[in-house]
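Here's the letter readout for the chains.
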Amino acid sequence: MTEFIFYFFAVGAVLGAVMCILQQNAVVSAIWLMSTMFWLAGIFLLLGAELIGILQILVYVGAILVVFLFVIMLLNLTRAAPDIRGPVSLGTTIVVIGLLILELAALWRYTPRRLAADIAQSPMLADPSAVFAAGDLSRQDAVARGVVGALAAPLFQTYLVPFEITSILLLAAIVGAVVLAKRKI
Amino acid sequence: MPTTSFLGPALGLSAILFSLGVAGVLLRRNAIVLFMCVELMLNAVNLAFVALAQLHGASGYIMVLFVMTVAAAEAAVGLAIILAIFRHKQSVDLQNINLLQG
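Those protein sequence lines, which keep their order, are chains A and B. If you're matching positions, the first sequence starts at 1 in our numbering and goes up one per residue. If you're matching positions, the second sequence starts at 1001 in our numbering and goes up one per residue.
What you were told as hints is all true, and nothing was included just to trick you.
Distance ranges between label pairs, derived from CB positions:
1) B:Asp1093 - A:Leu137: 47 to 53 Å
2) B:Ala1084 - A:Pro87: 28 to 34 Å
3) B:Gln1090 - A:Ile94: 28 to 34 Å
Derived from the structure by calculation, the hints contain no laboratory data. Virtual Cβ for every residue (Gly too), placed ideally from N, Cα, C.
Start from the sequences, fold in the hints, and give me the full structure.
Structure representation (structure tokens):
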């Protein structure tokens, strides 16, 4: 049953992404991208990342895509002419996509056991929980302290410096956006 | 209780979505749709992080938080740049934006 739900969400996400690329109207494109992000949030929930799934909806759908829609509305784009690029770009796209599909074929067969065997460099299939102790530890942590609590400790201890740098990045982005969008400084 | 689920399919889906994002960036000329495709690529990366975080612990989730922050900052600044260019050129078609072509 869970597998069916996963593949249902996956097909929805891919369909949304394809339609986002093919639609000529930027607003329709944004709405399709929004559907992709909702499906992805469901997949995050299935993968056991409840907090990330909720943040996906809050940040991507609630903030980023709304900004996109606002800008589309501000620009008032009414041009209906197709803006798909020419044959050279199409050829490049097909080559790049082909390479990525090859990579995909390799990724699809990965199971935790194979990954563990690869990393441990053992000829036989290794036990994933022995190679990846951290995953089990954080899962026990999530049971003991809740999903958010389990993320709080590493975020404010191990990753404290990157977290603080993020705040500087956001400040720079705010100032930059205001300066760029202003008519006269 | 299974320790990990859907590792391979999630990584595969992530690769498909990333490829579609690349395709969008290469194919479209509308700067706003191009930005949306960049967001799609960032989302695909998030999916790979979440899938592998099942094995590697909480670090993957925290990376996703950072990616989301960077995506938000990038969207704000990028769209401000698009607004400024549109005010100058009256167009967001990348064919008309060739200021740096010398």
